[in-house]
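A.B. asks: What follows is the residue order along each chain.
Protein chains: 2
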Amino acid sequence: MYQSECAEYIIPVRDALDVLYGRWKLPIIISLTFGSRRFKQIIEEIPGLTDKSLSKELKELESNQLITRKVYDSFPPRVEYSITEHGRSLSKVINELRDWGNQHRKKIIGN
Amino acid sequence: MYQSECAEYIIPVRDALDVLYGRWKLPIIISLTFGSRRFKQIIEEIPGLTDKSLSKELKELESNQLITRKVYDSFPPRVEYSITEHGRSLSKVINELRDWGNQHRKKIIGN
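Which chain is which? The protein sequence lines are A and B, in order. Just so we're aligned: 79 in full-length UniProt numbering is position 79 of the first sequence, and the numbers increase by one with no gaps anywhere. Just so we're aligned: 74 in full-length UniProt numbering is position 74 of the second sequence, and the numbers increase by one with no gaps anywhere.
FYI, nobody ran anything at the bench for these hints, they're computed from the structure. Among the hints, erroneous ones may be present.
For chains that are exact copies, the list does not tell them apart, and a pair is met inside one copy or across any two.
[Claimed, not checked] Straight-line Cα separation of at most 30 Å, DSSO-like style, residue types lysine-lysine; simulated pairs:
| hint | residue 1 | residue 2 |
| --- | --- | --- |
| 1 | K92 | K70 |
| 2 | K56 | K107 |
| 3 | K25 | K59 |
| 4 | K52 | K25 |
| 5 | K106 | K40 |
| 6 | K25 | K106 |
Same shape as in the complex, but just chain A (with noise of 0.2 Å):
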């Protein structure tokens, strides 16, 4: 017996961890809304972010309309990551996570 009042939170929750999927998506959505970034800046504020990772997270973020990729006409060419709307309207889940992070933290770990 399926519960439908569980389901009504079960069902969208899934779909928004099925985006949010992983380690470093939301630390990445956390990087951009500091402001764009290239590359290189994305990696030195996130540690234990490979290239590889990175480069495979920023095309399903890119995919869901969390980022935008921004390529500027130079030579080399520039490539610089944004934040769109949507990736902004994750602000109060990352608030709440971060609260529970720090809430958790001192729980388990006692500091």
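Fit chain B to the supplied structure of chain A, relying on the hints for placement.
C.D. replies: Quick look at chain B alone, frame taken from chain A:
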């Protein structure tokens, strides 16, 4: 140059993601938010979840103090899972993910 303002978000969000990692933990927390459940009841409420995955996820959720496992001294023994106060503190994260998931579906799929 590691932007400390950016790190103030990325570190706790990563802490939260490390605990909530994967497709099943938040749906299991949602299910238990609606009341204590037995193993089979959780399986029924979350489409696609296998016994093997649920066993693994329940152990991890328990080790992070998000749920408790109670064995009733009946024959055969009855096992029931319940959410803890720490688990309940995820309600704001869950509400924001639900709202964003609904919003994302409207934007991307248009319904």
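A.B. asks: Against each hint, give a clear statement of whether it holds in the structure.
C.D. replies: Hint check:
1. K92 with K70: Within one copy only: 26 Å inside a chain, 35 Å across chains, cut-off 30 Å.
2. K56 with K107: between (34 Å within a copy, 22 Å between copies)
3. K25 with K59: Answer is both: 11 Å inside a copy and 26 Å across each meet the 30 Å cutoff.
4. K52 with K25: Both: 14 Å inside a chain and 27 Å across chains, each within 30 Å.
5. K106 with K40: neither (33 Å within a copy, 33 Å between copies)
6. K25 with K106: So K25 and K106 pass the 30 Å test inside a copy (24 Å) and across (21 Å) alike.
The structure is inconsistent with hint 5 alone, although it conforms to all the rest.
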